[in-house]
Every structure is written in structure tokens, then in C-alpha cells.
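Undergrad: Sequence:
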Amino acid sequence: MAGPSVEEVIGRVLRIQGMSVRGVQLGPEGVVVQVRPRQRKARCGVCGRPAPGYDTKPGRLWRHLALGETIFWLRYAPRRVRCREHGVRVERVPWAAHDSTWKRDGPGRPNGRHECRRQAH
Numbered sequence: 001m002a003g004p005s006v007e008e009v010i011g012r013v014l015r016i017q018g019m020s021v022r023g024v025q026l027g028p029e030g031v032v033v034q035v036r037p038r039q040r041k042a043r044c045g046v047c048g049r050p051a052p053g054y055d056t057k058p059g060r061l062w063r064h065l066a067l068g069e070t071i072f073w074l075r076y077a078p079r080r081v082r083c084r085e086h087g088v089r090v091e092r093v094p095w096a097a098h099d100s101t102w103k104r105d106g107p108g109r110p111n112g113r114h115e116c117r118r119q120a121h
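First residue of the sequence shown: 1, per the UniProt record's numbering; consecutive thereafter.
Treat the hints as calculated values from the structure; they're not laboratory data.
Even glycine gets a Cβ: it sits at the ideal position worked out from N, Cα and C.
Be a bit skeptical, because a hint or two may be false.
With beta-carbon atoms standing in for the labels, derived distance ranges [claimed, not checked]:
{"hint": "1", "residue 1": "R49", "residue 2": "P4", "range": "32 to 38 angstroms"}
{"hint": "2", "residue 1": "A2", "residue 2": "A97", "range": "35 to 41 angstroms"}
{"hint": "3", "residue 1": "A2", "residue 2": "V32", "range": "20 to 26 angstroms"}
{"hint": "4", "residue 1": "G48", "residue 2": "A77", "range": "32 to 38 angstroms"}
Given only the sequences and the hints, what does the whole structure look like? Please build it.
TA: Here you go:
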């Protein structure tokens, strides 16, 4: 009987609400975790209401919490949506505040800043 996959284990450990793990790579700066939303419908980054898709932004890396000495990065290409109230905005992601390069603090997470990096194509 097979046990859980690496992706399942990482998903359980990092507990990223609303996202599933698509892949995991070990890089020179830590573990890079490729994520994707579980819901098809994106939400406005400002108000959180569901909104139709507009396009997709370039991929970004967000630094997640470290486990021991291992640093984890979340890789995701956020979608842009067309919100009725706010116009075209980047979708809401559970780990970052809108228009911020810093990670959002969450339950069970220490208060601290975590950087975001835009990836080159």
C-alpha cells in the first residue's frame, strides 16, 4: 500500500488554505512549492468577492515559513480579475495582503515579514 505523495505531505505541513500542491523542487535557496487554487473562480484581492478572470500575472515566489533550517517558497502565477466594484485587480491569495510584498500573518504562525519575489520568464 502506497503512502502519501511528497506533494500531499508538503501540503499538510504547510497548511495553505484553498491551495493544492502541484509540485516540489529542491533549489539552492530552499524548497520551492508550486501551488494552484482549489477553486476555479478567483476572488477580488480587495473585497474578496468572486470575479471573472482577466489574465494571469507572471509567476512569483513568496517566502513561506522555514521548518528548522529549511526555507520554503511558494511559487504561483496569480490571476487578475475584473471586479464590478474595484475594476481589474490581482486575485486574493490566502498568504498575502493585497498590494503587499509581505506575507500575511496567520493563526499558528509567528509574526514576521516574508518576502515576495517576481520570477523572470
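Undergrad: Could you run down the list of hints and mark each one as holding or not?
TA: The hints, checked one at a time:
As the Cβ distance of R49 to P4 is approximately 34 angstroms, the hint placing it in 32 to 38 angstroms holds. A hinted range of 35 to 41 angstroms holds for the C-beta pair A2 and A97, which are about 39 angstroms apart. Roughly 24 angstroms separates the CB atoms of A2 and V32, a value that falls within the hinted 20 to 26 angstroms. The supplied range of 32 to 38 angstroms is broken by G48 and A77, whose beta-carbon atoms lie about 20 angstroms from each other.
In summary, the structure is inconsistent with hint 4 from the numbered list given earlier, while agreeing with all the others.
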